[in-house]
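Q: Sequence:
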Amino acid sequence: METKHIHSPAYHYLLRAGPRLKPLQQVHAYIILSGSGQNRSLLTKLLTLACAARSIDYTRRIFFSVSNPDSFLFNTLIRTTSKACAGLSASKHGRIVHGQVLVSGYGLDVYVQAALVSFYAKYCDLGNARKVFDKMQERSVVAWNSIISGYEQNGLAKKALGLFDKMREAGFQPDLATFVSVLSACAQVGAVGLGSWVHEHVIGNGFGLNVMIGTSLINMYARCGNVKKAREVFDSMKEKNVVAWTAMISGYGVNGYGVQAVELFHQMRRSQAIPNNVTFIAILSACAHSGLVNEGRQAFSSMREYHLVPGVEHHVCMVDMLGRAGLLDEAYEFIKETVSKEAAPAIWTAMLGACKMHKNFGLGVEVAERLIAVEPENPGHYVMLSNICALAGRMDRVEVIRNTMIRKRLKKQVGYSTIEIDQKTYLFSTGDKCHPETSKIYQYLDELMWQCKEAGYLAVVDSVMHELEEEEREYALRYHSEKLAIAFGLLKTISGTTLKIVKNLRMCEDCHSAIKSISVVTNREIVVRDKLRFHHFRNGSCSCQDYW
DNA sequence: CTGACAGCGG
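Mapping to the UniProt record's numbering: the first sequence position 529 is 529, numbers consecutive.
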């Protein structure tokens with residue numbers, strides 16, 4: 001065939017054309033003219049470049065020009081389509097490619113199926129990913145990894161862990177990639193039991209701690225509230241890159257160990273590793289959560305030493321840090337001076353949080369109204385404004401806000417808490433009555449709250465349910481998801497066991513104060529991870545020192 | 001340039 005002598009120059013031209021569409025099309029036309037239009041390596045290269053040019057249409061046109069696509073080309077197509085559409089109507093393009101796969105009879109090709117699974121998973125279409133996965137007659141470890149990581153990356157950690165069990169039941173040996181995803185899922189739901197099992201398994205099977213698994217373990221232990229163990233893993237790592245340092249710093253941060261985070265950050269600066277943007281987010285948020293204002297300011301200004309430009313997230317941390325510390329004016333000045341005039345909503349949201357915390361009604365209302373103007377569909381802003389008004393005793397405005405929310409059909413995010421007992425995870429939502437032992441749990445909780453009251457606990461009814469009477473408000477607070485999870489945990493574990501709860505939202509003030517009291521009455525250590533950070537309750541006080 | 005499908009940190 002002629003293809004031999006055209007082969008090498010065509011490649012040369014293709015590379016020169018690069019990812020620009022016009023030249024690419026010209027070279028493609030030339031290739032077709034020379035009779036090499038069906039040469040597979042040229043087609044693969046064309047697809048790659050079309051994808052780099054972000055032209056989904058051209059990607060597909062090249063593809064349909066192939067007379068006999070094989071498994072390899074299908075794979076390239078799926079991969080390039082995935083990159084070229086970069087989220088834009090991805091599931092539509094996915095289905096088109098998928099259709100073509102089925103028509104061509106490659107619907108049962110293991111590699112093609114695995115590629116489809118990861119395509120759908122990457123674009124949050126877990127339903128279709130799962131459908132393809134379930135149809136697979138032969139599954140590879142990689143296919144299992146694709147679906148597990150798909151669930152994990154889309155926040156469906158429990159599903160990911162469920163599939164991990166199924167994978168092992170099916171007799172597959174998980175590999176390092178599996179463990180990375182599984183550890184990430186454990187971190188999400190606080191499943192330290194399973195996480196430690198993975199740790200032992202990895203060591204026992206002689207995989208050794210590479211930097212990736214090590215980092216995943218640090219993250220898992222830290223996000224399960226076990227900072228000591230995280231640090232042990234960190235210290236045992238031979239090779240530490242930026243990611244590992246960052247994971248450890250942020251681990252200290254979310255657990256409220258600001259001083260240790262700063263110390264480690266300085267140690268990092270003296271080491272070979274160079275901090276990046278993410279490292280600075282970790283250290284700044286650690287400072288914010290521990291009230292280390294000066295250290296935070298220093299870290300922020302040291303960013304330029306590394307030629308890093310602070311982004312929205314760094315600004316959010318700074319405003320949060322200043323705001324929490326009560327330096328509202330300075331936070332406001334920071335936004336006006338350091339951040340451009342059009343500060344991102346997230347920055348104002350941090351400012352708003354500070355206004356609520358320090359009960360600054362005037363500024364709070366101003367900021368909230370500004371936020372609502374920019375993001376009228378975000379229920380969080382209305383809830384914040386309503387809470388601020390309630391704290392200021394402006395019940396008339398609370399009522400108006402509530403009605404607006406109802407009119408706009410905006411709902412508060414539903415809160416839930418999980419607790420892991422004997423490697424099983426239990427989920428509770430507010431006022432949950434799904435658990436088979438509901439009545440026992442509620443009865444125990446009532447009893448417990450009675451004991452807490454005797455010990456001096458007072459319900460903090462300030463910022464909730466303003467339309468209710470005092471007594472009803474207290475009742476509404478009593479069955480918050482974290483309280484239910486704690487009651488269940490106390491019933492199910494022997495005395496002395498530390499309880500670990502993971503909550504998807506921030507804890508309310510009442511729960512915070514109730515749990516402090518519960519830790520005394522039951523003489524238990526209770527660890528709650530909320531949306532932002534950890535609270536370690538012991539002997540009536542919390543590691544956050546009421547600073548959150 | 002006969003190979004592909006999976007994978008960490010705020």
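No lab work stands behind these hints: they were computed from the structure.
Among these hints, one or two may not hold up.
[Unchecked claim] BS3-like cross-link-like pairs, simulated, lysine-lysine; straight-line CA separation at most 27 Å:
no.	residue 1	residue 2
1	K408	K453
2	K440	K411
3	K411	K453
4	K92	K45
5	K411	K424
6	K356	K424
7	K433	K516
8	K424	K159
9	K424	K453
10	K336	K433
[Said to hold, decoys possible] Cβ pair distances, simulated, as ranges:
no.	residue 1	residue 2	range
11	H435	K131	28 to 34 Å
12	A86	K531	24 to 30 Å
13	Q272	M212	15 to 21 Å
Quick reminder that beta carbons are idealized off the backbone N, C-alpha and C, glycines included.
Q: Please go over all the hints and tell whether each is borne out by the structure.
A: These are the hints, each one checked on the structure:
no.	hint	result
1	K408 to K453	violated, 39 Å
2	K440 to K411	violated, 30 Å
3	K411 to K453	violated, 32 Å
4	K92 to K45	holds, 24 Å
5	K411 to K424	violated, 30 Å
6	K356 to K424	violated, 37 Å
7	K433 to K516	holds, 25 Å
8	K424 to K159	holds, 13 Å
9	K424 to K453	violated, 32 Å
10	K336 to K433	violated, 48 Å
11	H435 to K131: 28 to 34 Å	holds, 31 Å
12	A86 to K531: 24 to 30 Å	holds, 28 Å
13	Q272 to M212: 15 to 21 Å	holds, 18 Å
Hint violations for this structure: numbers 1, 2, 3, 5, 6, 9 and 10, all remaining hints satisfied.
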